[in-house]
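Undergrad: Sequence:
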Amino acid sequence: MDLAQLQKLATLSRLNIAPDQCDALAAELDNVLQLVDQLQAADTAGIEPMAHPLAISQPLRSDRAEAEADRSAFQAIAPAVDAGLYLVPKVIEE
Numbered sequence: 005m006d007l008a009q010l011q012k013l014a015t016l017s018r019l020n021i022a023p024d025q026c027d028a029l030a031a032e033l034d035n036v037l038q039l040v041d042q043l044q045a046a047d048t049a050g051i052e053p054m055a056h057p058l059a060i061s062q063p064l065r066s067d068r069a070e071a072e073a074d075r076s077a078f079q080a081i082a083p084a085v086d087a088g089l090y091l092v093p094k095v096i097e098e
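Everything in the sequence shown is counted per our numbering, starting at 5 for the first residue and increasing by one.
In short, the hints are calculated from the structure, not lab data.
Misleading hints may appear alongside valid ones.
Estimated spans, in silico, between C-beta atoms of each pair [claimed, not checked]: (1) 17 x 72: 39 to 45 Å; (2) 6 x 51: 32 to 38 Å; (3) 39 x 15: 50 to 56 Å; (4) 39 x 82: 39 to 45 Å; (5) 42 x 12: 23 to 29 Å; (6) 74 x 18: 53 to 59 Å; (7) 58 x 5: 55 to 61 Å; (8) 17 x 86: 35 to 41 Å; (9) 8 x 41: 58 to 64 Å.
Built from N, CA and C at the ideal position, the CB exists for glycine as well.
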């Protein structure tokens with residue numbers, strides 16, 4: 005990657021790169037691009053895409069209704085309740 009390409013990339017990325025860092029950054033980006041080239045050169049024909057290297061499933065509990073919480077017990081200890089609704093302090097001014 006030459007300095008003109010680096011400056012264009014920096015402009016598109018809205019990055020300010022100090023002039024004394026340009027050479028080092030260009031070298032680092034060249035290393036990344038070489039790694040990408042190596043990955044693209046790998047023969048992946050016939051290989052199925054995968055989301056995870058292990059073929060495992062997430063154990064989930066069964067989806068069934070369970071006993072409801074005792075609403076009256078919770079409302080009995082709440083600071084303020086009106087018509088079955090919890091009242092909270094006003095936090096947003098109009």
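Undergrad: Look at each hint and say if it fits the structure.
TA: Here is how each hint holds up against the structure:
At about 53 Å, the CB distance of residue 17 to residue 72 disagrees with the hint of 39 to 45 Å. In this structure, residue 6 and residue 51 meet the distance hint of 32 to 38 Å, their C-beta atoms being roughly 35 Å apart. Restraint check, residue 39 to residue 15: a C-beta distance of roughly 24 Å breaks the suggested window 50 to 56 Å. Taking the beta carbon of each, residue 39 and residue 82 are about 58 Å apart, not inside 39 to 45 Å as hinted.
Here the CB-CB span from residue 42 to residue 12 is close to 24 Å, well matched to the stated 23 to 29 Å. The beta-carbon spacing between residue 74 and residue 18, approximately 56 Å, falls within the hinted interval of 53 to 59 Å. Here the CB-CB span from residue 58 to residue 5 is close to 37 Å, at odds with the stated 55 to 61 Å. In this structure, residue 17 and residue 86 break the distance hint of 35 to 41 Å, their C-beta atoms being roughly 54 Å apart.
Hint check: residue 8 to residue 41, Cβ distance near 20 Å, so the stated range 58 to 64 Å is violated.
Checked against the numbered hints above, the structure breaks hints 1, 3, 4, 7, 8, 9 and satisfies the rest.
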